[in-house]
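Go by the hints and put chain F onto chain A.
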Amino acid sequence: MAEQQNTRTIDKVNASLKRRYATERRFKTLGLGAVVLGLLFVSMLFVDILSKGYSAFVQTHIQLEVYFDPEILDPEGTRDMEAIARADFRQLVREPLRQIFPEVTSRRDKRALYKILSTGAPFQLIEMVRANPDLIGTRMTIDLIADDDIDMLVKGHIDRNAPADQRRVNDTVIGWIDRLDEQGLVATKFNTGFFINGDSREPELAGIGGAVAGSFYTLLVTLALSFPIGVAAAIYLEEFAPKNRWTDLIEVNINNLAAVPSIVFGLLGLAMFINLFGLPRSAPLVGGLVLTLMTLPTIIIASRAALKSVPPSIREAALGVGASRMQTVFHHVVPLAMPGMLTGTIIGMAQALGETAPLLMIGMVAFIVDIPGGPMDPSSVLPVQVYLWADSPERAFVERTSAAIIVLLSFLIAMNTFAVIMRRRFERRW
Amino acid sequence: MLKKTLVFAALSAAIVSSTAHAAAARDYISIVGSSTVYPFATVVAEQFGRTTKFKTPKVESTGSGGGLKLFCSGVGVEHPDITNASRRIKPSEQEKCAANGISDIIEVKVGYDGIVMGQAKITPKLNLTRKDIFLALAKQVPGKDGKLIANPNKTWKQVNAALPDVKIEVLGPPPTSGTRDAFVELAMEGGAKKFADLKALRGSKDAAEIKKLMAKLGIPESAFNKKGKKVFQAVAHGVREDGHYVEAGENDNLIVQKLEANPNAVGIFGFSFLDQNADKIHGAKVDGQDPTFDAISDGSYPVSRALYFYAKKAHVGAVPGIAEYLAEFTSEKAFGEEGYLTEKGLIPMSEAERGQFRYDAKALNPMGKL
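Sequence lines, in order, name chains A and F. Residues 3 to 432 in this note's numbering are what the first sequence lists, from first letter to last. Residues -2 to 367 in this note's numbering are what the second sequence lists, from first letter to last.
Just chain A, same shape as in the assembly (with noise of 0.2 Å):
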């Protein structure tokens, strides 16, 4: 018992000194275990993303001098867009291969000397006709789209080591891609038809224009009609509900829906838009309004954090010059709430831009070429696009999936930068 009361606490400290740094070292070392692991990882991901992807941005070309032949466009001279659109044009991008490769005349090696050339090089010269009917009856050299085969093997990603019978593309062949590019004639260029481009089955065709412009029309009924939406119900549920059974029921479902699936809303979407309601299937409103369903919780939620970040000085203040309640809200505390709804919304919109769940049941995973031009036209969004193509069997729609990815993550981090940025610059704190 003496011997007890000797031992002061100090030394109870001291003796457990040791340890409880240990603890700490460990501690600190995991945590930053685990911080570097999620970096790695993250890192491999972008390193595997962009060393697959970044060759989807150049495309090979093969310039060939077309002769705009009238015999064959307008052999009757009307320049009648119509009938002009009709005529075969695949004869004009023949012709200069027959001249470079006269040698070439059995019907099996014409086909396949015809198909280093993409099948829409001849839509290229009529849309430079409809451009400009004029060019019939000259000359000009153009990069003409090579198919995909060609353009992995120009791009490398067919071994020309393999035994012939292993690769895709035949000896004959490499032997005509290598004479043309001797001649200069093989050209990578930067690949803009990715950027503008409808979806297509030929890879070399494809692009993203479609599904970004899917996305933009998405995105933009999503927002228009969430962060009213949001910010009404936040400001309504912080600042002027009563505090009583029913509201804090309202609450906890807001909680709660903001923890369902996704595809959950792709149901509740087909369910009440499209068979209910009758809107059409495939449209980004569609999209949008589903979308809309599962950010809105985001919203409330970050919009009633923001409001509830304002120091109740600030009400008391404006209350007690004689402002009303609504002048309160809405001339003092929304302003200084703003930058954290916003933040808010950006998230919540950036998440809506990478779902893909619930628009599987809305019919928005769909082979859609034109170029949507508003929110009633079918179209698919930037992540579909990308499972779209994973799925495809060419071996070109590889690169291009990392492409999309890219893409679409570019704008990811944009929008978050931005949202970060806002946080900096005009939150206040108290």
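No wet-lab data here; the hints were simulated from the structure. Among these hints, one or two may not hold up.
Simulated pairs of lysine to aspartate or glutamate, EDC-like, Cα-Cα distance not exceeding 20 Å [as the list claims (entries may be wrong)]: (1) F/K226 / F/D239; (2) F/K50 / A/D372; (3) F/K330 / A/D90; (4) F/K341 / A/D393.
Just chain F now, with coordinates in the frame of chain A:
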């Protein structure tokens, strides 16, 4: 801020109200249905959009059943115009369509899709029957006393004494794949039907009889269904999971590569991959038939199925371009012998059949009652 919020509110109100009349017209064709037909339908849709003045049709991949459900839900622009199917429409579906006012359906057979049991070229061809395939790959097979037992067969010789003494090793698609669905339906079911009890179970709709057959086969009562066919399918569609059937992913190219590395293995994939890789692999005979272009297109190769699409006659004229789309799909340059669809792996029908479907599609002749 209040002003901004009001602007947003007005904008959203405008968008919502604009939908009421926008749904009244649609100027593009809406296509839904089978994921097996999807790669062909999208190619036709793209060609159609590029070469005509009409908009490119929208093609959704919903599966055959899901597509027909949407298709049969009614007449009007909010419902799809065309549905693709990797099987024929069922009488029940046709009745459902008729109940919803869709009486005139134009049926177009697109072509065939063959499923091949491929082997490396250096390996001698197996000569299989569908019964052999069932005995080699089913999870449960009838044992000596007629009761179902876990598949004991380890080599092809155990399945059929005429086959070589080589370990059963089959690389095939996972259950999510349409090829797998067709394979179990055509090859495995076809083999299971060769057993009298299973065949009786399949045809039975009488609860007492089903229960009796189930007891005879040793199927637990929990698997009971008032349609004997469902119980039968549960048995016939069960693929063994003890390593003799290897799920090799959806990518058929990968299976082809694995066959080269392992000459004893057999791979299951679509005919187009055999066609593209004819220098490296060949297909096993099934019921004495080689999987050739001709045998598949005349139906004598048993593991092949026809692909279809269905169009609503009532929509022709209401939605622009349907008749023209039918014409494009049934043109020689699309589904003909050397059409662009054969390059994507479609097996064309005989010339007479093509002519018949082209004629019906052009005249918009609706199909008869099944």
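* Asked: Okay, which hints does this one fail, numbers in order?
  -> Result: hint 1 breaks, nothing else.
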